[in-house]
Amino acid sequence: MASTSTAPAAPAEPRVNRLGLPILEYRGGKTTLCAGCGHNAISERILEAYFDLGIPPEQVAKFSGIGCSSKSPAYFLGRSHAFNGVHGRMPAVATGALLANRTLHGVGVSGDGDTASIGMGQFVHLMRRNLPLVYVIEDNGVYGLTKGQFSATADPGSVLKGGAVADLPAIDTCALAIQLGAGFVARSFSGDKKQLSALLHAAIAHGGTALLDVISPCVTFNDHQGSTKSFAYVKAHDEPLQELSFVPALEEITLDHEPGTTAEVTLHDGSRLRLRKLEAGYDPRQRAAAVARLMGAQAAGEVLTGLLFVDPLAPTLVDRLGLPPEPLATLPPERVRPPRAVLDAINASLR
Amino acid sequence: MASTSTAPAAPAEPRVNRLGLPILEYRGGKTTLCAGCGHNAISERILEAYFDLGIPPEQVAKFSGIGCSSKSPAYFLGRSHAFNGVHGRMPAVATGALLANRTLHGVGVSGDGDTASIGMGQFVHLMRRNLPLVYVIEDNGVYGLTKGQFSATADPGSVLKGGAVADLPAIDTCALAIQLGAGFVARSFSGDKKQLSALLHAAIAHGGTALLDVISPCVTFNDHQGSTKSFAYVKAHDEPLQELSFVPALEEITLDHEPGTTAEVTLHDGSRLRLRKLEAGYDPRQRAAAVARLMGAQAAGEVLTGLLFVDPLAPTLVDRLGLPPEPLATLPPERVRPPRAVLDAINASLR
Amino acid sequence: MAPAVNDFSLQVATVNGSGSQSSNSVLLRALFQMGIPVSGKNLFPSNIAGLPTWYTIRASRDGWVARKKELDLLVAMNGETAAEDVAALRPGTPVVYDAPLGLDQGRADLGWYPVPFDALVAPLAPDAKLRKLLRNMVYVGTLSRLLELELPEVELAIGRVFDGKPKAVALNVAAARAGFEHAGAFTRPPGLAARRMDATRGKIIVDGNAAAAHGALFGGVTVLAWYPITPSSSLAEALIADLAAHRRGPDGTPSYAVVQAEDELSAIGMVLGAGWAGARAMTATSGPGISLMGELAGLGAYAEIPAVVWDVQRVGPSTGLPTRTQQADLLSTAFLSHGDTGHPLLLPGSVEECFTFGHQAFDLAERLQTPVFVLSDLDLGMNQWMAEPFRYPEAPMDRGKVLGRADLERLGGFARYADVDGDGIGWRTLPGTDHPRAAYFTRGSGHDERAGYSEKGEVYEKNMLRLARKLDGARALLPEPVATGAGAEVGVVAFGSSDPAVRESRAQLAAERGLAVDYLRVRAWPFAAAVRDFVAAHQRVYVVEQNRDGQLAGLLRLELAAPLAGRLRSLARSDGLPLDARTVTDAVLAHEEA
Amino acid sequence: MAPAVNDFSLQVATVNGSGSQSSNSVLLRALFQMGIPVSGKNLFPSNIAGLPTWYTIRASRDGWVARKKELDLLVAMNGETAAEDVAALRPGTPVVYDAPLGLDQGRADLGWYPVPFDALVAPLAPDAKLRKLLRNMVYVGTLSRLLELELPEVELAIGRVFDGKPKAVALNVAAARAGFEHAGAFTRPPGLAARRMDATRGKIIVDGNAAAAHGALFGGVTVLAWYPITPSSSLAEALIADLAAHRRGPDGTPSYAVVQAEDELSAIGMVLGAGWAGARAMTATSGPGISLMGELAGLGAYAEIPAVVWDVQRVGPSTGLPTRTQQADLLSTAFLSHGDTGHPLLLPGSVEECFTFGHQAFDLAERLQTPVFVLSDLDLGMNQWMAEPFRYPEAPMDRGKVLGRADLERLGGFARYADVDGDGIGWRTLPGTDHPRAAYFTRGSGHDERAGYSEKGEVYEKNMLRLARKLDGARALLPEPVATGAGAEVGVVAFGSSDPAVRESRAQLAAERGLAVDYLRVRAWPFAAAVRDFVAAHQRVYVVEQNRDGQLAGLLRLELAAPLAGRLRSLARSDGLPLDARTVTDAVLAHEEA
Ligand SMILES: Cc1ncc(C[n+]2csc(CCOP(=O)(O)OP(=O)(O)O)c2C)c(N)n1
Ligand SMILES: Cc1ncc(C[n+]2csc(CCOP(=O)(O)OP(=O)(O)O)c2C)c(N)n1
Ligand code: SF4
Ligand code: SF4
Ligand SMILES: [Mg+2]
Ligand SMILES: [Mg+2]
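Chains R, P, Y and C are the protein sequences, given in the same order.
Quick note: the first sequence uses the numbering used here, first residue 1, plus one each step.
Quick note: the second sequence uses the numbering used here, first residue 1, plus one each step.
Quick note: the third sequence uses the numbering used here, first residue 1, plus one each step.
Quick note: the fourth sequence uses the numbering used here, first residue 1, plus one each step.
The following block holds chain R by itself, in its conformation from the complex (with noise of 0.2 Å):
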């Protein structure tokens, strides 16, 4: 045993995950987006988690709509199907998809501009349906792609790079979110590895709807002084309601937890995240109140991050469809044009 660990060190296999693949499996192609972008960060922790959990790159299917962070897609997962689609419109095309193969793992990446302003109508009936899907909001605050003109989400008294500063309501996508009914809504940063992972994690392990919005500066148009999406800014303002660890399906519990400041919530496939609380009484399953403090958030000025809200149980779209377990598009012939009786009967009804 002594000589195995003190021999020379054999080249070292590449990690592969439980169905034996290495992580290159799962990356995508080189990224075009500028150097220090936050969502190549984000496009990181993506591949990463869907390694992680062994998931079959086949078995996932990318959407996005148009954007810097609607690129992304490119970006990761090589080995997945994507459909990058129109400016704003990838909630309605996600929904398509994967109700016509619900076996599909869906992720969908939008950015502010995507999401809040042009796609705002697709966004909101989306959070209603609770279409499952983990639908990553890439929040930079302004439009990266078109060269930085102000995104809704935007912080009032936020200063645009040529001077301008934001004077409207920033809209809280998150904050829409819990209020119109989504199951699983959570907000983290680029720049926390940490968080942003095991959010990602619990996102895919849920059933329905995951929304994460997660700020990603962007480093062109909008990380200098002044700016409210800025990484110093975000920094200095990140508002941390748990420490999150990811406990996968398959793994035991080992750690003890403090009972009252630690909580565990168990996601559709069995895996479950572990909250320890940072902020005292905040529960994420009270809709009501997780509006509330978000709402007093944004007028603070704090960024708070974590787990915002999660109700694994609510009904998805899925289940209210009552769809058969295989994929609707592949559906065998006969399952799918009625037999030569019922036209019969119809046209006996029609005489």
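Calculated from the structure, these hints are not laboratory results.
Here are the computed lysine-lysine pairs in the DSS-like style, where the Cα-Cα straight-line distance is at most 25 Å:
id	chain 1	residue 1	chain 2	residue 2
1	R	147	C	165
2	Y	132	P	30
3	R	277	R	193
4	Y	129	P	161
5	Y	462	C	69
6	R	147	C	129
7	P	147	Y	132
8	R	161	C	129
9	R	161	C	165
10	C	132	R	147
11	Y	456	R	147
12	Y	69	C	462
13	Y	129	P	30
14	P	147	C	456
15	Y	401	Y	462
16	P	277	P	193
17	Y	456	C	69
18	R	30	C	129
19	R	161	C	167
20	R	161	C	132
21	R	30	Y	456
22	C	132	R	30
23	P	161	Y	165
24	Y	165	P	147
25	C	456	P	30
26	C	456	Y	69
27	P	147	Y	129
28	Y	167	P	161
29	Y	132	P	161
Given chain R, put chains P, Y and C with the ligands in place with the hints provided.
Same frame as chain R, but now just chains P, Y and C with the ligands:
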């Protein structure tokens, strides 16, 4: 004196308002909506309010989308210009018109389908902008004009005539508006003449967007047992927050009011809305609390009516843009075409 | 054109929401059951209740089912429009009317048949609401006597219309009998009569929207995303009923998903998502919805995603006349979206074709990997048409070019947009395909054969030329035009619901002027080669269509070489009413005899 | 075609975000200041930083400003594309390159000019970021020596480009000098040289978007509602800057409102609302936005509301190539929206016209009471063009037919949609007009002359025919086509940014083959009568345009009678690069010499 009081009454002069106009001058065309439709009652309250307040009908501009509700501007204020646009886009049209002519009193009428389905994006962004506009949603939980499909404000569990049961969370336009930063948000009932009337007066007197969600039963498609938007249901579940009375700007305060239970809101034009609290502790100036209370009401199946939120000082879009007092539309040429010297300077800068 | 046995048109003028629809269906059915060809057209206002509505039933021993301009009998139930309705009648026309309206005080040259509806229904039911409905069945009885409609057939029809509700049947039969009895005192109007014949045996009566829904049902639709809009809502609603009835497993599990979307942008987005994932997905809408779908329709065409979109056309522009018919979305739908975009159009001309295109549209969309638009209209979609019974689709579904795991194992990979077969159509994979090389990246931005992002000019242009080839190749796959007649000097081209009027007009032209006219009904765009040939074979070709701008003529001009294009004469016109033969005949003659 | 004095095209290959834009502007300006006709085109990727970008400057003593296919000098700053860039060059082409790239190892037939950029900027600034920017000014200095650009002009240009920032000017001048000094050791490439001439006196350099913004400024725009999209954003942003600078009162009160809308549906909705209320309102967008505006555009046309919509076209379909140029929204914009809808199009062909149409569009929209679409494109809108200085609009604004209170008092009332003047255009009132009869009801549904709701067929049809007359009448009001040449057998028709290539091609055809070609540039749709006359006057008419489907040719086919339509030959093509003369010449010759 006695003689005049006992003399045969002279033919009653029609009651006129402070402009000397009889109410007839505030009426519109004959309604083509169903007899008994809640929308007709709302039309009456609207025209009475403009009459009472003595606003010249020429100074009012009416806006609407598409639906039975959106037809109703044809049935009031026939002396006012009207823009009946396309489905869901009333907010944008009203925004353009009221920026072009800020001196107009804008009133928009929409339906729950028109606002909460196709129009959700524009609704959200109008609320953020706080455009001076009275925005009335004639809310019947159903698409009347297309013959009775559920709208997004239908409460889960509510049953359609054909037997279909609503299963998605209902969108509460008032809770959304408050969260989004709107300055005046109220809910009422087409059948509650007094409350609706007071709220309409106050809405017209308010300076920014005044959202009124008025439950307005559709007698043809959604007034049956099992509906939560029927006359019977609303009457049974109405929870008025206050008893309201409107005090015009010019009137002296004459009533005493018991401290603690009666409050007054002074509106943009100096008029006041007097609130006798029916729900102790409800303060319509607390945004987060209002949202929480509404979410609670929704969960409990209550129809919470009254003034839900008000902030008379919230800056409007017109304030933010710093518009001149007169209409942009008719500024004289010399104020909108810069002089020759400006073009010369531009040319010089490009040489 | 005097009314004759089994050749007349009668109209019921009433207000909507008054429940006359059932009575009119009974009339229609009774004639149909007697073997007489019929058609029924509802002219209704864009509101819910209380406004004037006219229902017209045409009986035609020759089988003509187009709208007929002349009325041969009026039932005047609506005091508001009665004066105007009556003023338009030809002398001698019989008018059945609500007695208290006192219409006979007006024209002396009409046949007056007063019926005291309220008095007749008074004994039948205590409930006022119910009595109001029953009034309508009274005129059915009256007409039955005046037209010699067989009462047992009327009663059978009542049974069908109030299917499974014995109390309703009994009450309505009683009302019809009351009307029948009352008419015993009348002298029958001369000429007008129904006589049993044998021209409807085996046929069905149905509206185009229901037919389209049935077609989609048998086309194996699995995802329907829709947003209500007149006159397409009844298509979606019929399909929902069909799916609920015929597409659930033994345990009730549905083999479909239906979503009422929040608007048309969302509806088409869902359809594209579903089509991309391999489902047979569709939506149904009308003009305003088509306009809203523009951006996503372009994405569908450029990213090559199967989708089926029904446009049940109504009168535009804008909100227009939502309850009137028109064929004016042709040009804007063919090129819907910015950039060089083109979409195959299917143009059903009958309820039978609403059914067949209802399933074939999926085969075509999946074969061509592109959104296919089916342009019906309000007349076809919402009115009642006689038809041959629907024919079960014998051909297996064509799911198009899809590579599965085994294919990928054999091939080692694939290039999504490579034109391997020379038809411009690439092979696709479905998400979820269990092979490491199955994935590709779908986007509406520039892409190369392997679906990789590309801004290269050559790559872009090559791809665009392939797409043009694909659309060009669609000509051969889409339904061919239907040609009637041969050898005449004059031809007519038309499409969709103009068909019955054009067919009848041909007969008029032949009978009244001895003018032979060949006829080509196009059923799809891009046009088949036969369209060119038809134009080439005729000196003058009249293009008949129900719009202002001559949109079909325009599409023809865009495709035909100049000498042929010169033969086209546009006879485009629309006032929102279904086209009638006389209008076509007059328009052709105005040119031919000029 | 060998490069010659004042006749060459040079390209800088770099990556975006590296700050080469200022250097390229300095080069362009220096040439311009020397009196040499120039144009500058930026070929940039659809991302923000780090991807290949090419900037091309053409100097042309003959004044040609179209893209030139052949490069006469390359500045290779981008290692990633250097191999490909170099491979495409003709033998003998000089290449200035970043020395560490070691490019001279490749082709021996090129002229190699290595420049150690990093070494040269090292002494100039301690900050690495700044040094990276300065590298670009070094090549300006190098080129200045190689091309014999006058150094004082270069320094003057630096002063202009870094306007008002003395430190930046000094640093950049130092960098340019370093490059100039370094080039002292080089042998100048043969033939290539800049020599002072006098062909730019009084001219300006500007991009079409800025020109359009200036035009709108002087057109008295009061409401701008927009949503960012390449390549139109810079139009809106330039206008915002213009308004802030020139349209505030003495107390700072603006005479305008600008709203960044939440999307394009909202933007056009706001514009229609504002236009209805009497403002001069506009928006600017590109293809995807146009598609989204379909429904509301139809409303605008049918309800007759003035609006100005700029479509700065980019490559479609769908998201397409957002940073490449195309002219492919013509057909879909002309008929944007369902139903029989048509919109006047303005087609500016130069930055001067971007300015003039920028103000005239408002006159036309208010005169015609309808949305007017101005179709520019990325090449025109975002590239640098020489131009005559903008001319102050002398004519007073035409606010169209508006009745005020006094008019109403005189008239007693009005009928909004009555054709009182025989031009199809009614009189309108503005909301707020203080007269009890001023109001009317605007709607997208059927309406009569008094704007009352109507579903009557005759009323509908009459109104639609009036609208058709109005659009037809627009021909006479819209800018006329520009004709060049007369009497040739062959004609060319083109529009928009194709103009410079067509003009140059005419010269090529004449010089190289002795082929005289007349040229008509259309500037609006519906077409003026002169368009018909031009086609009638030529045996063969080539229709040159930058799209795949020949959309201008299509619009011509829709309007021209058949014998004339037969003379059209479509030369449509687009790969996203601005059109060049050689492509036109070759295409014409391929037909003429076939
Ligand atoms: C219909 C339409 N309108 C506008 C655009 C232009 N556009 C591209 S990306 C974008 C905004 C992107 O902002 P966001 O979603 O915040 O993404 P980011 O680039 O900031 O990550 C816009 C307006 C478009 N592509 N399509
Ligand atoms: C783009 C578009 N889609 C659909 C329609 C059809 N449509 C007309 S009214 C309406 C819904 C109206 O519902 P609501 O706003 O609740 O008004 P209500 O009739 O109930 O008062 C719909 C879907 C339309 N006119 N335009
Ligand atoms: S512009 Fe901003 S959002 Fe876009 S890639 Fe660069 S840093 Fe990221
Ligand atoms: S259908 Fe309903 S909403 Fe429409 S008018 Fe009738 S009662 Fe009112
Ligand atoms: Mg953003
Ligand atoms: Mg409603």
